[in-house]
Amino acid sequence: MTKLYRTLLFLLAVTACFVWALMGSNALAQTIKIGSSLSVTGPASFLGAPEEKTLRLYVDKINASGGVLGRKLQLIIYDDGGDPNKARTNATRLVEQDKVAVMVGGTTTGATLAMMPIFEDAQIPFVSLAGAIEIIDPVQKYIFKTPHTDRMACEKIFQDMKSRGITKIGMIAGTDAFGKSMHDQCLKVVGNYGITVLADESYGAQDSDMTPQLTNIKNTAGIQAVVNPGFGQGPAIVTRNYRQLGISVPLYESHGVASKSYIDLAGPAAEGVRLPAAALLVANQLPDNDPQKKVVVAYKTTYEKATGEPVSTFGGHAYDGLNIVVAAIRRGGSADPKKIRDEIEKTSHFIGTGGIVNMSPTDHLGLSLAAFRMLEIKNGDWTLVAATH
Amino acid sequence: MAAFLQFAFSGLTVGAVYALVALGFTLIYNASDVVNFAQGEFVMLGGMVTVVLLAAGVPLPLAALIAIAVAIGVGVALHRLAIEPARNASPVALIIITIGASILIRGIAQIVFDKQFHKLPAFSGDAPFEVLGATILPQSFWVMGGTAAIVVLLYVFLERTILGKAVLATAANRLAAHLVGIDTKLIVTLSFGIAAAIGAVAGILVTPITLTSYNVGTLLALKGFAGGMLGGMGNPLGAVLGGLLLGLMEAFGAGYISSTYKDGIAFIVILVVLFISPRGLLGRRSVERV
Numbered sequence: 000m001t002k003l004y005r006t007l008l009f010l011l012a013v014t015a016c017f018v019w020a021l022m023g024s025n026a027l028a029q030t031i032k033i034g035s036s037l038s039v040t041g042p043a044s045f046l047g048a049p050e051e052k053t054l055r056l057y058v059d060k061i062n063a064s065g066g067v068l069g070r071k072l073q074l075i076i077y078d079d080g081g082d083p084n085k086a087r088t089n090a091t092r093l094v095e096q097d098k099v100a101v102m103v104g105g106t107t108t109g110a111t112l113a114m115m116p117i118f119e120d121a122q123i124p125f126v127s128l129a130g131a132i133e134i135i136d137p138v139q140k141y142i143f144k145t146p147h148t149d150r151m152a153c154e155k156i157f158q159d160m161k162s163r164g165i166t167k168i169g170m171i172a173g174t175d176a177f178g179k180s181m182h183d184q185c186l187k188v189v190g191n192y193g194i195t196v197l198a199d200e201s202y203g204a205q206d207s208d209m210t211p212q213l214t215n216i217k218n219t220a221g222i223q224a225v226v227n228p229g230f231g232q233g234p235a236i237v238t239r240n241y242r243q244l245g246i247s248v249p250l251y252e253s254h255g256v257a258s259k260s261y262i263d264l265a266g267p268a269a270e271g272v273r274l275p276a277a278a279l280l281v282a283n284q285l286p287d288n289d290p291q292k293k294v295v296v297a298y299k300t301t302y303e304k305a306t307g308e309p310v311s312t313f314g315g316h317a318y319d320g321l322n323i324v325v326a327a328i329r330r331g332g333s334a335d336p337k338k339i340r341d342e343i344e345k346t347s348h349f350i351g352t353g354g355i356v357n358m359s360p361t362d363h364l365g366l367s368l369a370a371f372r373m374l375e376i377k378n379g380d381w382t383l384v385a386a387t388h
Numbered sequence: 000m001a002a003f004l005q006f007a008f009s010g011l012t013v014g015a016v017y018a019l020v021a022l023g024f025t026l027i028y029n030a031s032d033v034v035n036f037a038q039g040e041f042v043m044l045g046g047m048v049t050v051v052l053l054a055a056g057v058p059l060p061l062a063a064l065i066a067i068a069v070a071i072g073v074g075v076a077l078h079r080l081a082i083e084p085a086r087n088a089s090p091v092a093l094i095i096i097t098i099g100a101s102i103l104i105r106g107i108a109q110i111v112f113d114k115q116f117h118k119l120p121a122f123s124g125d126a127p128f129e130v131l132g133a134t135i136l137p138q139s140f141w142v143m144g145g146t147a148a149i150v151v152l153l154y155v156f157l158e159r160t161i162l163g164k165a166v167l168a169t170a171a172n173r174l175a176a177h178l179v180g181i182d183t184k185l186i187v188t189l190s191f192g193i194a195a196a197i198g199a200v201a202g203i204l205v206t207p208i209t210l211t212s213y214n215v216g217t218l219l220a221l222k223g224f225a226g227g228m229l230g231g232m233g234n235p236l237g238a239v240l241g242g243l244l245l246g247l248m249e250a251f252g253a254g255y256i257s258s259t260y261k262d263g264i265a266f267i268v269i270l271v272v273l274f275i276s277p278r279g280l281l282g283r284r285s286v287e288r289v
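Chains as they are written, first to last, in numbering that gives the first Met the number 0: chain R, 0 to 388; chain E, 0 to 289.
Chain R extracted, bound-state conformation (with noise of 0.2 Å):
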């Protein structure tokens, strides 16, 4: 007797639990689902921990002040640890499991890759937070991705070459992917620019010393910059490097280095130094009339009084693609993940941290060389040069 009473006393729980739970999806079916899969923790945690936490901030700034269309922003997030297996795993889950309506996310380029087929066959907008150009050439119906190439960087330092009047430079690249990926991009871009390309020398990441191939640069007749496309300590080397050899034509370093931990190991070798940077570094730095002055101010502020760290470029590829995500929403009207699709396309003069985007059937990034500053340092500080053309 008491067995069965047992029984039926468990079938009632379960009930209850169904019951509970039913109520419960109905209750979330009120909110939007913005799914994530970041790269939080693993060696590329330096680019995913800002971009979890621009996230999470601007979610709960968005539901306090009321939501997209009267409905609360839930936010699901995977960490993937930098691994594109875990991520692949992390978007099945958040397609079939979550069933999110878009998705803002992908840390690194191998994870963004990885991930992309499943959002396209579920025709679910996927906004990319990663580098390479593949991501968005050729164009997919549902990626896309908010932060500038790395061909974009070269071309915002062949302009500024050209403008200076220089045809002849050396290059002195990384061999790791960011340092491989922008020198390849170079050389494919560098003849539209009337510049040839006269050295063209390597190093390993955790090389500590590049004077032999910068001796060879430097006895390259007729070179009259050289550009550094790496990322790490390596450009501080080159740097140092660089001046102790006494090589005098200008250099430039990538938008790779743009961080104040440059500076402090270049030392006072990085005089001089030129590189093209994303507004937000030299927020405060920006005339009162930069259109993206208020944006980046704003969300530099903002970001260092939740976090207490300085802000980073990657939170801000965060806060673009949400904010373009959330304008698209509230443009259409919907939470239907095609709606959402159709209208982040649609994303014309949306000023975000990475510059003002304007995207089209034919380009998902929509980000013009404006959205690159060329920067200077000067006593130990970027400065901003003034626009020659």
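Certain hints may be false.
Not the full set, but computed from the structure, chain E residues with beta-carbon under 8 Å of chain R [to be verified]: (1) F6; (2) T12; (3) A85; (4) N87; (5) S89; (6) V91; (7) F112; (8) K118; (9) S123; (10) P127; (11) L136; (12) L210; (13) L218; (14) S258; (15) D262.
Computed footprint of chain E on chain R; a stretch qualifies when at least three of its residues, placed anywhere within it, have a C-beta under 8 Å from a C-beta of chain E [to be verified]: (16) 206–215; (17) 250–264.
Straight-line distance between alpha carbons at most 20 Å, and here's what the computed DMTMM-like set of lysine to aspartate or glutamate pairs gives [claimed, not checked]: (18) E:K114 x R:D175; (19) R:K377 x R:D362; (20) R:K179 x E:D262.
Since the hints were derived computationally from the structure, they do not count as laboratory data. Just so it is clear, CB atoms sit at the ideal spot from N, CA and C, and this is done for glycine as well.
Got chain R sorted already, so can you dock chain E onto it with the hints?
Leaving out everything else, chain E in the frame of chain R:
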């Protein structure tokens, strides 16, 4: 000529660091037959501890001394806690233990310090000297001078002191040394301590040029090991020679042949040398007693 000199300066500076790492390998290998792959972590500790202390306001000489002491402590602990308890394990097992220890030290360093790169100020200014059209940083003299001083000190210690002779005796035959009353366990511990100190000094000397972070040790351990193999594992002079040669090959390879393949060039030369002379350039003078 200027280019040649420039490559030579670069190679000698980098090579001096490889030489010190290789020397650490050799000392421990001689005393205990262990190839200590945690040798690179001592270089990292020397640099990182100095950086952190300097940032905390400790004057540079004192910070450097404390860093060396910390590295010695870690080296001795490595021997007493990880190597000595497994003394009877096979050499391969011991090597795996040292690899494990290096991962552990790196992991702890990552938490205790941080994941950023750091620099130290150069000991005597940043203004490069000009020599026949090539330039050399004052810090490079510190690195090369420091290496030379360590080699001389080590030589005097090993050849001219009772303790040093005990180290040599233990290296030659541990059982026999034990039988004549030498505390071989203490001697092996001492070797770990000296190797750690040499690594730390290398880290402190080179950080103003190369920067440092929690994971610089791995590559240095590999390069130092390659240098040691080239010179002849077990021969201190061979270690120094091998390290310097490796640094020079990298610099000349990058300068004259191709910067893309400079590591490949160095390793091909090492392979060729080892094919011709498997014990390295100055192989261990091993005498078989019958």
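Tested hints:
1. F6: 5 Å, holds
2. T12: Holds, about 7 Å.
3. A85: 31 Å, violated
4. N87: Result: violated, 36 Å to nearest chain R Cβ.
5. S89: 31 Å, violated
6. V91: With a minimum Cβ separation of about 27 Å from chain R (threshold 8 Å), the hint on V91 of chain E is violated.
7. F112: 14 Å, violated
8. K118: 5 Å, holds
9. S123: 15 Å, violated
10. P127: 5 Å, holds
11. L136: 6 Å, holds
12. L210: Holds. Min distance 5 Å.
13. L218: Where the cut-off is 8 Å and the nearest Cβ of chain R is about 5 Å from L218 of chain E, the hint holds.
14. S258: 5 Å, holds
15. D262: Holds. Min distance 6 Å.
16. 206–215: holds (count 7)
17. 250–264: The restraint on the segment 250–264 of chain R holds, since 3 of its residues have a Cβ under 8 Å from chain E and three suffice.
18. E:K114 x R:D175: Holds, at about 18 Å.
19. R:K377 x R:D362: 36 Å, violated
20. R:K179 x E:D262: The given pair, whose Cα atoms are some 17 Å apart, holds under the 20 Å limit.
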